[in-house]
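Protein chains in written order, with our numbering: chain A, 763 to 1093; chain X, 6 to 318.
To be clear, the hints were calculated from the coordinates, so they are not data collected in a lab.
A couple of the hints might just be wrong.
[Stated by the list, open to error] Covered stretches of chain A, as calculated for chain X (at least 3 residues, CB under 8 Å):
id: 1; segment: 855–863
id: 2; segment: 906–919
id: 3; segment: 1053–1059
[What the hints assert, rightly or not] BS3-like mimics (lysine-lysine), calculated; alpha carbons at most 27 Å apart, straight line:
id: 4; chain 1: A; residue 1: LYS911; chain 2: X; residue 2: LYS311
id: 5; chain 1: A; residue 1: LYS956; chain 2: X; residue 2: LYS166
id: 6; chain 1: A; residue 1: LYS1044; chain 2: X; residue 2: LYS138
id: 7; chain 1: X; residue 1: LYS311; chain 2: X; residue 2: LYS90
id: 8; chain 1: X; residue 1: LYS72; chain 2: X; residue 2: LYS92
id: 9; chain 1: A; residue 1: LYS939; chain 2: A; residue 2: LYS955
id: 10; chain 1: A; residue 1: LYS939; chain 2: X; residue 2: LYS90
id: 11; chain 1: X; residue 1: LYS92; chain 2: X; residue 2: LYS135
id: 12; chain 1: X; residue 1: LYS72; chain 2: X; residue 2: LYS27
id: 13; chain 1: X; residue 1: LYS135; chain 2: A; residue 2: LYS1044
id: 14; chain 1: A; residue 1: LYS939; chain 2: X; residue 2: LYS135
Just so it is clear, CB atoms sit at the ideal spot from N, CA and C, and this is done for glycine as well.
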Amino acid sequence: MSDNSTCSSPMEELHPIFLHHLPSSFSVLLKTRLQAHFHVLDPCDSAEPVSSFLASHAHSVRALVCAVLTPLTAETLELFPSLHLLVGTSSGLDHVDLDYCRRRGITVTNASVAFAEDVADHAVTLLIDVLRRISAADRFVRSGSWPVKGDYPLGSKLRGRRVGIVGLGTIGFQTAKRLASLGCLISYTSRSKKPSASFAYYPDVLELASNSDALIVCCPLTQETYHIINEEVMRALGKRGVVVNVGRGPLIDEARMVELLVQGNLGGAGLDVFEHEPKVPKELFGLDNVVLSPHCAVITPESFQAVQDLTVNNLIAFFANKPLVSVVQFQ
Amino acid sequence: MESIGVLMTCPMSAYLEQELDKRFKLFRFWQFPQRAQFLKENCGSIRAVVGNATVGADAELIDALPKLEIVSSFSVGLDKVDLAKCKEKGVRVTNTPDVLTDDVADLAIGLCLAVLRRICECDRYVRSGKWKKGDYKLTSKFSGKTVGIIGLGRIGTAIAKRAEAFNCPVCYYSRREKPDCQYKYYPSVTELASNCNILVVACPLTEETRHIINREVIDALGPKGVLINIGRGPHVDEPQLVSALLEGRLGGAGLDVFEKEPEVPEELFGLENVVLLPHVGSGTVETRQEMADLVIGNLEAHFLSKPLLTPVV
């Protein structure tokens, strides 16, 4: 039941917001939080078919929350003539028709501000693990090999390594800050140069890769960035090059990457995302120079709390005509 | 200098062996099973010992080498060198500070992240095919957690600076409080452990610091606390650590060193809240080469009567 102790008005006076989701443990928790502040319209609550629920309720809705990665098409959005704000609860919004939102003038916010630290931490974890062979060495110890095989093969130093950030948004910037503290030399590519960033800028990924020892992929997935890390880019990175992906699987041409890794033409990879999750190319399982994680960069209680706070605060700000946080900038 | 005998105590670096071979008469101690015999026959020509964190130069070895002039350690830690004996006999001692500071600090941070974010477990989860059946569970955020450092020397300071980039408040314990230090000081390790989420051992191993991580400290760190050891195995009372982890009294541990390397308590192999590494703190190609160059540089300086590069004694 919603907690209305903070508001003495009857339910009808709370602003209505629409919750677009496939119920999950996360979206259920989020809904409870939202119900303390808003009148939550959730088609999953109703026995009516979704189409008739929408016909009854969608016309006056000004704000919609799209929870987790539930696809949101132009067709659905067209049913909300009064919609002004779409709140996403993930960093990546490739499951939402953003082009339609841009054309309609719908403001979109994402979770980047809430998630940035955990994603940055995860990107750094993957890079350190690949270069210093942490997971592989842990396997070596647990298999009892240390007394038998002797010393473990040497890894690679981080200080002085040239790291190229693909996409210097909130997440890219937090990642860069952490890697800089390890002595990595940071450069980046982005849709546009960031005047506030002191790192070296390259106008395209190929040039960035040619001047880097490692790439951290943390840009949004769009039509333009699909397979942005292609064979040419990976070859430019070189035989000792490392790719870390904490964005979306399709940012990398996965089949080519696997081939290059197996052939020894790419030095290593740290991957949190894959083209066809949860399927992961099994050729990677035999490699010690890759580290694989199950799309879990933000699966911490801290990030879950932060995105709930961000969602509620942005909605409150919207209805009070105050500035929003983590707004998605359209091209 | 080809007639100068240099005794290398154990295999530590193929590159270093090769470079020592070029310049000196190199004896590889591990190739002589009859040690007493070997020492008797060759002590007349051995004027230098090259040791490391595993096998150094103890009193027995120093006494067996009457022509010994210098011990050049392929490590920064000198717990395996009898420094008092060296002083007494006028034997010089050098180590490899600074060149390995970054790598060790990076590994400390890497261990913090790996333990909290369960990266090794996550990797196992994917490789075993379990992801197809369901997502992995929640892990803990690292950024913003309080990091407590034991020993704020070169390595401790480097760890602190990195932790700051992750917005981690830093506190420390040291034999004496450091003036003009921006981090909070605690006068005992137990108090430090009570006031941090992650406790990092980064001090030298001496008689005073042996088992500095004992039952009391482990209890103070607690069921949500994490211990990171990039110092020496004997800094930690290992049986106490193992039982605390098995019983859930300690939240987790990232260990690069153990009391009896290369033996690692097998009870730890089944735990998902530990990361176990085979003493790789300085284990990068680049750093091991720099360390080797420093060992060679110190030996050459000594035998050319020039000032030593990184003397300790």
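Each hint, compared with the structure:
no., hint, result
1, 855–863, "violated (count 0)"
2, 906–919, "holds (count 10)"
3, 1053–1059, "holds (count 6)"
4, A:LYS911 - X:LYS311, "violated (40 Å)"
5, A:LYS956 - X:LYS166, "holds (26 Å)"
6, A:LYS1044 - X:LYS138, "holds (16 Å)"
7, X:LYS311 - X:LYS90, "holds (23 Å)"
8, X:LYS72 - X:LYS92, "holds (15 Å)"
9, A:LYS939 - A:LYS955, "holds (17 Å)"
10, A:LYS939 - X:LYS90, "violated (47 Å)"
11, X:LYS92 - X:LYS135, "violated (58 Å)"
12, X:LYS72 - X:LYS27, "holds (21 Å)"
13, X:LYS135 - A:LYS1044, "holds (13 Å)"
14, A:LYS939 - X:LYS135, "violated (34 Å)"
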